[in-house]
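*Asks:* Could you put together the complete structure from these sequences and hints?
The chain contents come next:
2 protein chains.
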Amino acid sequence: MDPKILKELVIPGAAKIVFLILDGLGGIQMEEKGGTELQIARTPNLDRLAETSSCGLLDPVGPGITPGSGPAHFALFGYDPFEYNIGRGILEATGIDFPLTERDVVARMNFATIDQAGRVVDRRAGRIATEINQRICRKLSQELQVGEGVKVMVEPVKEHRAILVLRGEGLRGEIEDTDPEREGVPPLDPKAAVPEAERTASLVGKIVAQTGKILSAEPKANMVLLRGFAKHTQYPSMKERYGLHSLAIATYPMYRGISRLVGMTVLSEVHNLKEEFQALTDHFPDYDFFYLHVKQTDSRGEDGNFDAKVAVIEEVDQYLPQVLALKPDVLVVTGDHSTPAKMAGHSWHPLPLILHSKYCLIDAVKKFDEVSCLGGALGRMRSVDLMPLALANARRLSKFGA
Amino acid sequence: MDPKILKELVIPGAAKIVFLILDGLGGIQMEEKGGTELQIARTPNLDRLAETSSCGLLDPVGPGITPGSGPAHFALFGYDPFEYNIGRGILEATGIDFPLTERDVVARMNFATIDQAGRVVDRRAGRIATEINQRICRKLSQELQVGEGVKVMVEPVKEHRAILVLRGEGLRGEIEDTDPEREGVPPLDPKAAVPEAERTASLVGKIVAQTGKILSAEPKANMVLLRGFAKHTQYPSMKERYGLHSLAIATYPMYRGISRLVGMTVLSEVHNLKEEFQALTDHFPDYDFFYLHVKQTDSRGEDGNFDAKVAVIEEVDQYLPQVLALKPDVLVVTGDHSTPAKMAGHSWHPLPLILHSKYCLIDAVKKFDEVSCLGGALGRMRSVDLMPLALANARRLSKFGA
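Top to bottom, those sequences are chains A and B.
With the numbering used here applied, the first sequence corresponds to residues 2 to 403, in that order.
With the numbering used here applied, the second sequence corresponds to residues 2 to 403, in that order.
Calculated from the structure, these hints are not laboratory results.
Among these hints, one or two may not hold up.
Below, in silico cross-link-like pairs of lysine to aspartate or glutamate (EDC-like), each with a Cα-Cα straight-line distance of 16 Å or less [said to hold, decoys possible]:
| no. | chain 1 | residue 1 | chain 2 | residue 2 |
| --- | --- | --- | --- | --- |
| 1 | A | 152 | A | 103 |
| 2 | B | 359 | A | 32 |
| 3 | B | 5 | A | 84 |
| 4 | B | 367 | B | 48 |
| 5 | A | 367 | A | 48 |
| 6 | B | 296 | B | 316 |
| 7 | A | 152 | A | 177 |
| 8 | B | 328 | B | 287 |
| 9 | B | 400 | A | 303 |
| 10 | B | 359 | A | 315 |
| 11 | B | 343 | B | 32 |
| 12 | A | 368 | A | 52 |
Which chain B residues stay away from chain A? Per the calculated CB distances, all over 12 Å, these [stated by the list, open to error]:
| no. | residue |
| --- | --- |
| 13 | 40 |
| 14 | 119 |
| 15 | 133 |
| 16 | 180 |
| 17 | 264 |
| 18 | 306 |
| 19 | 396 |
Since the model is a prediction, treat every value here as computed from it, not as a measurement.
Quick reminder that beta carbons are idealized off the backbone N, C-alpha and C, glycines included.
*Replies:* Laid out in structure tokens, this is it:
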């Protein structure tokens, strides 16, 4: 749906929408377990909800496409995942709650080890301790100087991972990675991908050269590899697009960061499922869109731990009555992408989906899993189309055409 | 999926993909037979495969659109059937393995009979014998002369069908058909559809005039009708697009030709189903994508012969264990389009589809037919999206976005 057309249809309302997003929810059958994670999990509350709702399957990005968390989440919020395919640097920055401005170019920065000949011998600098990372980042932030009114900031993330931020006028993000993505060769030069980025690329070249000198005495982290350069731009907010006053409840920084990019208010004081669902209850009167993110389904899927992923799903199921007690006008339960334990990683498989509202068509689906939802009223739809459907069920969209 | 984005996601791999394509596979119920061809056929092997796979339905081009073999096959190979809607002339040329160059403009040429007044009295010249066709084509190739550095070639296909090739610099394909598509009127003039094609159109005019003289003594084939003019252009290959080293196994020249257009290696020494499946086994170690084309399902459908089409399907079913014994990482069984015996021709109906891999979601479908597959995990998808899905199941696509 064209966001411009959608925006014209948006009407004010008091209806409340809850998106309960279980990260990496979808799975595939694991032979020795006798089904998918959702097929095996005992989820009486989710099943009961499925029985009185419209169900279906969501394609996060496209058939066969395994999405990263960035595009998968943008799509859920109704933002075209191709248009809003944000750079790795910006995603990392949002993940550490770094306050970006529209004058910033950001890159993901990995500390690495190079030998005397300048060849990369360890792309992750032996995964140095986060404390070393923090010390080095402080030093770099203090000592790096490129002039031209450009401020250089280096912020630690974790282990060998950090972000580089250049802040100034006229900077461009079209710069190629310096990470050669293999060892035994020197880092690549930061090349401009378009002529307009030549100046920024030469500033990055200075930064890399200075960094080499500043870090020359470090035993492991004596060089940096840069990738995913991008200029930060302001995204249209959920408020502008849908008239929604939105709250994000997430324990992991990256998801809080993505939420902030689309203008949600972000809670930072939640640390576990119990606190997340309690926060939903506590703040329910104050917003009209709620994004509650459950990270552990994805983490256990990434671990390849089928039983642990099942346990997380069962735990979330126990919190469902607490959500239903709030009587949200629209309740969506789904994921951002699949992370089958069998594959121990993200996958392309579509996600089971429940959409519950007073106005949903009730289909024959009686169990919340990948196969049961195939028979659902929503059929198979793209994630990016979910938000208009939620708005419609909230009676927050007017008629299109006369 | 944008081919450029897809190309960036492609990663090397050793997984092998087999596309078993039964031409014109799909059908509709024929009352007196009690079902569709697939519903009636006894296909224990295909049914067992369906039971352990993802099933679904493929829309070859679009809802309600009956595709020719060209667009239907391009879509299967992941090429947009609208963008790669190649001219009839080029399709015929590929069908006789004619080596086209990028300087060629090609048209389908039908021998026809005109009367003394120049009116078409038989658009197919009484379906003259192929031997007569060959003799006339030799004569035309020798005698046609248009100058301007343009070489004219006429190649026989079969019966009254041939192709006309103009080879030279700056030729254009935007020329209207000379075939009036009815009898009792003279052939049309070859008009340029765009101003840039004026010169080529006037060369075609010369060819038609000379042909009339050269063939004036022929009792039946005394004129030609031209249609489907197009300039040949090089297509991106399966290797370039997907990194796939591909083999085509097909008994009919046109399908070999289409395969060659997308850069597959093409076997020409196979003549029947037995040889086709044997060729798959023999060449299995040497490629990573295999297109095996079964023509007879379409031919019997075109004949309106329900029972004979059922028999072909049952015969293919018997070869399935031979394919499974090779343990392909991804096995797709489907068609290019439907050819219901009830309609005795191509149709717009979607095609049943099996996709089998270690990573497919197993749905509840237990029989391979048009109605059973409606409940499948792949839902209803466009043919052009099948290739990304096959690549994903072969683990030959990396993650999109961070």
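*Asks:* If a hint holds in the structure, say so; if it does not, say that too.
*Replies:* Verification of the supplied hints:
no., hint, in the structure
1, A:152 with A:103, "holds, 13 Å"
2, B:359 with A:32, "holds, 10 Å"
3, B:5 with A:84, "holds, 14 Å"
4, B:367 with B:48, "holds, 6 Å"
5, A:367 with A:48, "holds, 6 Å"
6, B:296 with B:316, "holds, 13 Å"
7, A:152 with A:177, "violated, 20 Å"
8, B:328 with B:287, "holds, 14 Å"
9, B:400 with A:303, "holds, 14 Å"
10, B:359 with A:315, "violated, 26 Å"
11, B:343 with B:32, "holds, 9 Å"
12, A:368 with A:52, "holds, 7 Å"
13, 40, "holds, 20 Å"
14, 119, "holds, 54 Å"
15, 133, "holds, 49 Å"
16, 180, "holds, 39 Å"
17, 264, "holds, 21 Å"
18, 306, "holds, 35 Å"
19, 396, "violated, 9 Å"
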